[in-house]
Structures are given as structure tokens and as C-alpha cells.
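Number of protein chains: 2
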Amino acid sequence: MKHMKPISLKDVQINDSFWSKRQRVVRETVIPYQWDALNDNIPGAEKSHTIENFRIAAGETEGQFYGMVFQDSDLAKWLEAVAYVLVHQRDEDLEKLADEVIDLLERAQQPDGYLNTYFTVKKPEGRWTNLRDDHELYCAGHLIEAAVAYDEATGKRKFLDIICRYADYIASVFGTEPGKIRGYDGHPEIELALVKLYKATGQRKYLELSKYFVEERGRQPHFFDQEAERRGEKEWFISHEYYQAHLPVRQQKTAEGHAVRAVYLFSAMADLAAEYGDQRLFDVCKTLWNNVTRKRMYITGGIGSSHYLERFTVDYDLPNDRSYAETCAAIGLVFWAHRMLQIEADSQYADVIERALYNGILSGISLDGKSYFYVNPLEVWPATANHRHDMKSVKITRQPWFGCACCPPNIARLLASLGQYLYSQCEPLKQIFVHQYISSEAEAEINGERVKLVQSSGFPWDGQVKLVISQNKPLKWTLALRLPAWSARTEVKINGEKLQTQGKTAKGYLYIERMWQPGDSLEVFFAMEIQRMRAHPEVRANAGKVALQRGPVVFCLEEADNGQNLQDIVLPEAAKLAGQFDATLLEGVYVIKGWGVRTDMEGIGDELYSPQAVSKVPIEIKAIPYYAWSNRDAGEMLVWIREY
Amino acid sequence: MKHMKPISLKDVQINDSFWSKRQRVVRETVIPYQWDALNDNIPGAEKSHTIENFRIAAGETEGQFYGMVFQDSDLAKWLEAVAYVLVHQRDEDLEKLADEVIDLLERAQQPDGYLNTYFTVKKPEGRWTNLRDDHELYCAGHLIEAAVAYDEATGKRKFLDIICRYADYIASVFGTEPGKIRGYDGHPEIELALVKLYKATGQRKYLELSKYFVEERGRQPHFFDQEAERRGEKEWFISHEYYQAHLPVRQQKTAEGHAVRAVYLFSAMADLAAEYGDQRLFDVCKTLWNNVTRKRMYITGGIGSSHYLERFTVDYDLPNDRSYAETCAAIGLVFWAHRMLQIEADSQYADVIERALYNGILSGISLDGKSYFYVNPLEVWPATANHRHDMKSVKITRQPWFGCACCPPNIARLLASLGQYLYSQCEPLKQIFVHQYISSEAEAEINGERVKLVQSSGFPWDGQVKLVISQNKPLKWTLALRLPAWSARTEVKINGEKLQTQGKTAKGYLYIERMWQPGDSLEVFFAMEIQRMRAHPEVRANAGKVALQRGPVVFCLEEADNGQNLQDIVLPEAAKLAGQFDATLLEGVYVIKGWGVRTDMEGIGDELYSPQAVSKVPIEIKAIPYYAWSNRDAGEMLVWIREY
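Same order as they appear, the protein sequences are chains Z and A.
Residue 100 in our numbering sits at position 100 of the first sequence, with consecutive numbering throughout.
Residue 200 in our numbering sits at position 200 of the second sequence, with consecutive numbering throughout.
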């Protein structure tokens, strides 16, 4: 059942006019800034205390723990992002810094392998007493991910060794065997991390521990109830759904509860389905996938439509002005989609990755990399966002990152590791897949021979892609190209000659099997038209509205270009839309223009309600990519435009 | 400046096919039911303890106070409703019950006149220490209103005497003189009540005390701050705006804070403007009136668009799915409008009364009078109303009244006193005004002669009204008829002869001055067409939508008649709408039908987003009056319908 595996970060070098500058921002701005934050070296910023917590835990300084119960994970995510950055660009100073941090981790580690500053410093007697709320295994999971990444990037095993000791200790504490705690974390994360640790070390026990955590979840008698009883808790107000622990995972059919937790769990479930060849578990994943992507996802790839508990609500409930769509949740969706894709070569997974990347994730970070959205609404009217209590989560401008704790480092580690999402290969079938059209060089091995692909892509602004194959000798293998769902027409030329594609496609991939010659070149053209996207009619918030999309990019109207009261604008069905790239705007974006109409305010009095028909006047609308909104003055924004 | 005064309840006998049955429900169902509730005689109902609190305060039984700090006001509102009911239909048993309650009040009254069970029983040392939160003067205000009404209905002075002793005591405690508390209540109510007490007793000190409370509000140094400091409060989270105490009232230009409080205060301000001939205070009222009715009011007459703090938000923020529009607030709007109307004979005030009565107030009570809405949304999708935390205030069915405390008795007292909103007269100008077209008999005195008007109205289902004048001899006076804003055309015949109305109208009233003969009869015809109402373009929630209105009645679509997903329905601009009265439906309602379109679900797959154009199929829509929604099975409801 396991179909393919990603071509690893090491073997993919991104060199892209759109993405490379964003990776540079991570390296040059985000990582140094975050380091200063972790060390409380940013004047005026909220206190982090993260490094200090580890020093106290290591017994090197006196003091109290400060921060969230999951404060350690900030450092873990920073280390993971550093590792990805080092893969292609070793940096002595940065690596020295990371090594010192790893030494500190080792000194903060307890003799039994335990490594968590909150419990070591503040509540040593409280270890493993509140798995539901205390994020203990969650923090362990992030440390594991960081250690695996650092080992892969640098070849230095020390961090991995520290973390293996911790994982071994965890394995000795949890499980179904007598004397062990039969629990699991309130926030899934360690499950996917343990699969990574298994792959990095070859130690099957880590895979089995992951499987245990996943399968134990939601069983009766309910661990969270038993644990709460042991703590003497009388009642609690958050249902097990919030933790995806309302049912054993194999019985879950809809994505419930906290969106980030959900997709982290589903990622691990996909991992386990792949590793164990468990078709039934994969079917569960697909049911959940269909629920999320066909009923509970914004057009931006955002998920979780409720601020309260940052959670999924009900099918088709996707309000635009109160969308939560946390940046981290869209990132988690990419993690999950990436795993699904390796199991089943179906373009819908790569399409969702692309949708989230270019829209609901990228919207989370400003063009300069210095400010962030947690919450990514699809419609903003500052008057209500600033004054309505039920919109208090909506910010009308991005916030400086140091006020946040989870999304900024999550964006950093995703952007720094973007290379791993571009290609996969399937050894037995001699296939190389191109999932994302991002300029890059990738290397793979087919039959023991190195194959190199050099991709030059015009994405996201045009649909021209060139692929040059370099290998030492003719070699028969299959190149599989994703046909993006947004492209109505694809043309492929091999060495200038048009390829007949009929009959060569399956589940959104075009399979080109041939004896490739060194230097063979493909020109691929994806029709990248401006599309008026419509939502399923059950999405009441979008009734009668269209969203403009071109290629993978969703567009929006901003007040800066279109004036106030964007809801008043109507785009006639027949209106022609045309666009062009504007290199001077927002660091270079494609801009869509067309003629719509809006109310002629000349005829409008101050009555609130009137039977008078209103007349309309033309307005030239100007739409910019959604991800680029709120990089100018604060104002209104709108994705879904009324149509008639 | 003071223009007219209402023809009092005593002189107006309603005999109307639409309203009389609702008044009967109040008399036969609501009042007995509420009496049982106040005495904790309803099995399974929430405990009220109200009567018991008074018994404990009177020293007749032992026990603890139970209930809200404003629990006493439930009894006061019940007594007020009882008084209105007794005006036209004396009822020995009911009156005996009320008299016994009044005796109990007397026994619970303290030697100094104080009368509040919460403080007498529970917190005797806490009197007047937290005016901001504790509703002490608010409860006093409701007792005053009840006492005035009971005196007027029965001619028995005892209750009024009790309450005068209380009011005299209050006057000795509050004011600007040295030694007095320079405070006012967090919840305006006593201000309008004291004006009633002044009118009932002729004692000017009550008017002056009302003026003091109103003028003192919001001044610096701020009383609520000083008072909080005295209590040792360090910080509080609700701003003075919530209490309309953010500015002295004469400086307020927008309606802020808790909607019920706001309109109770504005009612008192209008009263004082009238009594003192204070044009500048009336101008303040008009500024606030324009803000509310032109920027912050639902088409149903509902006000207060935020569940959080039950408050006004910002101009044009009128979401339909999260409208709060508390029933009590619409009732308070009627109180205020009624007072504005007496000062300025402008039909806009009577129009708003009519709008609120037939829509946002009547929606608060079920047809059988047994269940209630506090919150009156204009759009309900049960899936989100039941599951979204930010919609938790929205109920999809009315709740049994005993779970509530404020709205049911407020509806009861309004319906029972409806007669006073129908007519006014202006003695010096010899004018009689007809504000509301409700079948009734009214008596007034012109030049010492009795004039009787017998009105037969087809409202709200047809625009035919007949008025017969009966008096002993020919008499010259002016009949002023409101021309409802929704009627595009009015015809008046006097004794069968068409009246030339040109030049006879001012501010929405038609003035007919003539020597009236005994038995003169008017036939008035108001064109009552189905209207497609549009909201001001700044109301973003209603962009591209229409609400159907016919006469004073706003219509809605219900799932029971139109299936699910009401937002999907579009009403073409050219679609003909026709209606008729259906005596068998919902106790008799006018029903509007027409052909709209909705998405052809045949062509819809399970993709969430698609560039495919969708085709439409016709659907015959059926709209019912908004007030009658949720009297069948629970389901979706929609007022604002998409148009194109």
C-alpha cells in the first residue's frame, strides 16, 4: 500500500523567484529574531524566558519557571527550523549556537531521561498527572522532531541521543502493560514525531509507541476521566471531542475539536497506515480527509472556523468574518496532506498543499517577515473587528511575532523545509513525481543511477514550467506530473515535441514513461486563467458570491484599492476580468482588474430601510493576492465578492 | 413645546381581531402563570422565590433571600400588568390577589420607607453602596410604575402611598445637597418612573428628582469610580458606556451600551424635555433617536446587535444571524418613541412603534403565550445556532417563560397597556391624533364636549380603516391621521365623499379640520402593497438582499415552507409577489408567494470549491410574518432574501 516517499530536503535545492526570498526571510530575519526572543533580548517584547527555564532546570541558575506549560516547544521549533536552514547552507555561528543549546538540553535532562522544564522546575511531583492539559508529551514530540531534523541536517547525533534517552524513558512509562500509564496526550504531536524517530533510528519500538498512543486514544474507560478523578477534579467543561478523544480514532468520521490537534493526529494516523500497510486505517484517514476538505475548509486552505476552542464546528459552517483559520492549522493540514499523498498518488492532496501554501499559510506572515497573523479571516471590516466582542480574535493588522508563541516558529519550520514537499519517488515502479511547481534542483536514484531534475517554474504568476533531466546515460523511468485542479488544459512538449497525454493520466497525475536521455527537456504549460470560484451551495456564507482565483492564488479586494464597503461591490457574471503582474506592488504581485458595479450613493438618503430601488454605478475593481493583504494601511478586505 | 398627550388607557377600549386575542392571552394565560411562578407553584420550573423574599423581609417567615439582585422587579412588573388588565375588566379575584400583595409590600417596607428585599434580607448594611450594579433604584422604579398604574386602574391609593413614602425617602438620600449621595442607578428606570409619579400625584419634587438623576449621569468626578473606590474595587472591566454614563447625557450623540438601559434613559430624557419645555434636551433626544433608528435598528424594530453586554455596537453593524435584539429593548424603544411622539407630531415615531409592535416585540411571544424569545435573530440556521459558541445566545425555539425573568412580564405589561399608544389629543389646538390603526373605541374631550371615535381597522392584513365619530352636537376640531411610511397612497372619504388631502399633511400626519357632525364617518384606505425593502448600503449584512414587508408586517421564510438552505434562494428583481390571508395557518396570517430560484442540486458534486457555473431551478417561495416564526417545527428562518 505504501506508494512513494518524498525526495528529501537534502536532495532538493529551491531556487525560486517567489519562494527563495521567503526562505531567506526565515534565515535572515525570523531565526535570529526568535533567538533573541527566547533569550529575552528584545526590548519591549513579551517575556519568553525559554532559555532561562532550561538553565534553571539544568541547575545552573536560580529562579522560577516562567511561561506557558508548553514553553519548551518554542525552543524545539526554533531548533527544528535551524536544522532545515542548515541543510543547504551550513553556518558556523548558527550551528555553534544550536550545539550550545543542545548541550544545555543535555544538562537539563534528568537522570532518567526526562526533559521538560515546566515539571522539572515548577512541579516535579506532577509529572504525567495531567496529560489532558499539560502538553508534556506534546513538548517531547517537538523535541523529537527537532532532534531528527538536526541529525539529518548536520550528521551530529548528540541531540538525537539525548532525545532517544527521553523517548526510551517515555516508552517505559506508557503502554498497555501492567504498571504502565495507559494514557496519551491531550495535544497530539508525539505520535507523528515518534514515526520520524523510528525512521531516523530504525528502532521499531518508537513506531510501536506511536501506534499505541494513536490506538489508545478515545477508548473506554476513558483515560482523561480516570486521570481527572485521580486529580480530584469534579467537573470539566471541555468535551473529549476537543482532544479528538471522543471516540477511538478508527471510529471517527468527522474532524472535530481543536483543528491543529486534529491534523497533527491525522498526520500520525496516515504515517501508521503507511508503515503498517493498514488499509483500514488509511480508509479512516480518507473519510476524515473528505470531511475536512469537502466540508470544513476555507478556500484559502484555512481550517477551524471557530475562535472558541480554535475548533472545527459543523459541515459548511465557514463564516468569512469570523473565520479562525489559524495559521498553524493550515500548516498542520499540509503535514497531513503530505503523508496522504505518499500513500496514494492522488493530486487532491498536493492541490490542498498548494492551496494552503499560497494562501492561508502565507497570509500568516508579512512580506518583511516581521509580523504575523494567527487568525486568517476572509473578510474584514475594521469597525466590527475592533468593536464586536464575538470578533475579538480578528486582528486587522499582523502582530509583531514576539507577542505570539506557536504560529511564527511553525511558519519558519515549514518554509525552511519546503523542499521536501516538491517531489516524491517510487523506487519499485521507477517513478519520480513532481507535486509542486517551484523552481528547484532535485536528485534521486533510479536503478542505482543518479537522476537530476532541474525545474524552472513561473508559478504562481504563470503556468510555464520547464524541466531538464540530467543523468549519465539513457534510463527508463516514469515522470509523473501533477495536473493542478485549477488548470483546465495542459500541454507538454518533450524536446520541443508535443506529447499526446490522452490515456496517460490517473488521479490527477500525468505519467510519462520513456527511456529518458541525458539533457531531455520538458516544457509544460498549465492554463492559468482567472477563475470565478463558487462554494458548495450549502456554504451559506458564500451564497451568491465568487472568489477570484488564478492558478493556486486566491485573490481579495482591499480597501486601499477599492474604497470602503467592499460588500457593496457586485461583479456581474458577464464582467471581463483581466490581470497582469505588477512588479512595483507588494514586492511583485499579479493584479486582477475588471468592471463591477456598486450602489450609486448619490441617490441614497439616511433612511435605514426603504422600498426604493437603488441605482448602480460602475467601479473598476482591483484584486490582489489574499496572502499579500494587510501589508499597506489597515482597512477592509474581502475574498468572496457578490456576483450577479 | 409640549404638543399633545396620549388618550389614556381608561379611555381606549381595544376590540381588535388581531390584538384582542393577544391581550386575552395576557389576561388568561400569562398573568396567572406568572403568579404561580412568583410563588414557586410551577412544578419543574426554575425557582423564583419572589413572594417568599417579601415574606422574609416582612418578618413573617424565616429564610434566605434567593434570586437576582433585581428579583423584586418581577413582582412589580406583574402588578403593573395586572393593573392594566383591570382597567377595562375589573376582576374581584385578581384584584384581591393584588391587594394582598400590596399589603405584603407594606409589611416588607422598612420604617424609613425603604423597600427592597435583597438588601433588607441579605445585605442590610449594603444599601446604596453599589448603585452601578445592584439595581436598587431600578427596582424602586418598577414599583413606582406599578403603583401609579394600580392607582389609575382601581382608584385605590394604598400602593401609591407606600411608594410615595419610598420615593420621599429616596429623595432624602440622593441629590446635590451636602450630605446626600450624589449618585444614580447603573440601570436607568427610576427616572421615567418618577415622571409618572409626578403626574399621578402632582408632586413636583418627584419630577425634580428624576431631572437630578438624569442630569447627574456621566458627570466628572465620576460617581461610579468614587463608589467603586469606596468599595475597595481595584479594577472593573465594563466601561461606563455600558451604563450610558460615559458622558453627561446632553453630550451623548450615539446610543451606546446596554440597549434596554439606553432606551429607558432616553424615555426619561424625552419626558423631562416635555415637562420642562427643554428644547435643547429634546434636540439631544432627536440626535440619539436618529442614531438608533437610522443606523442601529433592525427592520423588525429590534435594537442592540451584540449578545455580549446586550449592547449597541457601531453604526450599520446589524448581523442577522447574531442579532441580539432583545424583546425588552424593542419594548423600551416603544416607550421612548411614544414620548417623542407626544412632543413632536411626527409620524416617524409612530411608525417605529408600529414596526416594533408587529415584528420585534410580537416575535418575543409564541402564539399560545406560553413561550418566549429574549433574543430575536433575523436569520437562523439551527446547525450553527446550536453549535457555534459565538451564537450561543440564539435559541431556535422559544423557551418556556419561567426560565426567564425580564422579557415575559415586559411583554405582558406592554400588551395589556396597548390602548395608550393609539391616540393622542392636543387640547389647545383641538386635535385628536390617530397613531395606530387598531380597532377600538376612544373617548376624548374637546371644549368640554365628549367626542367618541369608533375605529374599525383591517390592520395588519388590509389597509381599510373606518372611523365613526360620535358626539352630542356639531363640533369643530381637527382629526389627525398618521400616514404610515409604508403606504404609498392614501384615500380618505368622509361620509362617502372623497377628501382632497393635498396641502393638509405635515410630518406624516393628515390634518382634517372641520365642523364634525355626530355620526360622521371616515373611510380610510392605505395602499398596503407587498414591498421589497432594502437596507442602507452600509449595512454590509444585507448587501444585495431584500426583506419583504407588507403594511407594518415584516415577512420571513421558514424551513417548514421552503425547505432547507434558505440562503440559497434568490428572488429575481422582476419576480411577481402575491399574497393572501390564510385563516388556517398560524392562527391566521397573510402569506406571500412568488417564484424565486435556487441552485439545481442535480449538478452539484461534493467539491467545496469549483469554477463551474451552477444552474438554477425555480422554487415557489412562501413567506409568513416574522412574528409568527418558530410556532411549528424547529428549522431555518430568514428575513433578508438574496435578490438579483
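Take the hints with a grain of salt, since some may be wrong.
One copy or any two copies: either way a pair holds, since identical chains are not told apart in the list.
Unchecked claim - Simulated crosslink set (DSS-like; lysine-lysine; CA at most 27 Å straight-line):
| id | residue 1 | residue 2 |
| --- | --- | --- |
| 1 | Lys205 | Lys452 |
| 2 | Lys196 | Lys47 |
| 3 | Lys616 | Lys295 |
| 4 | Lys156 | Lys96 |
| 5 | Lys205 | Lys180 |
The set of hints was computed from the structure by calculation and includes no laboratory data.
Right, here's what the structure says about each hint:
| no. | hint | verdict |
| --- | --- | --- |
| 1 | Lys205 x Lys452 | neither (35 Å within a copy, 96 Å between copies) |
| 2 | Lys196 x Lys47 | neither (32 Å within a copy, 58 Å between copies) |
| 3 | Lys616 x Lys295 | between (35 Å within a copy, 22 Å between copies) |
| 4 | Lys156 x Lys96 | within (12 Å within a copy, 93 Å between copies) |
| 5 | Lys205 x Lys180 | within (15 Å within a copy, 79 Å between copies) |
Comparing the model with each earlier hint shows violations of hints 1 and 2; every other hint is respected.
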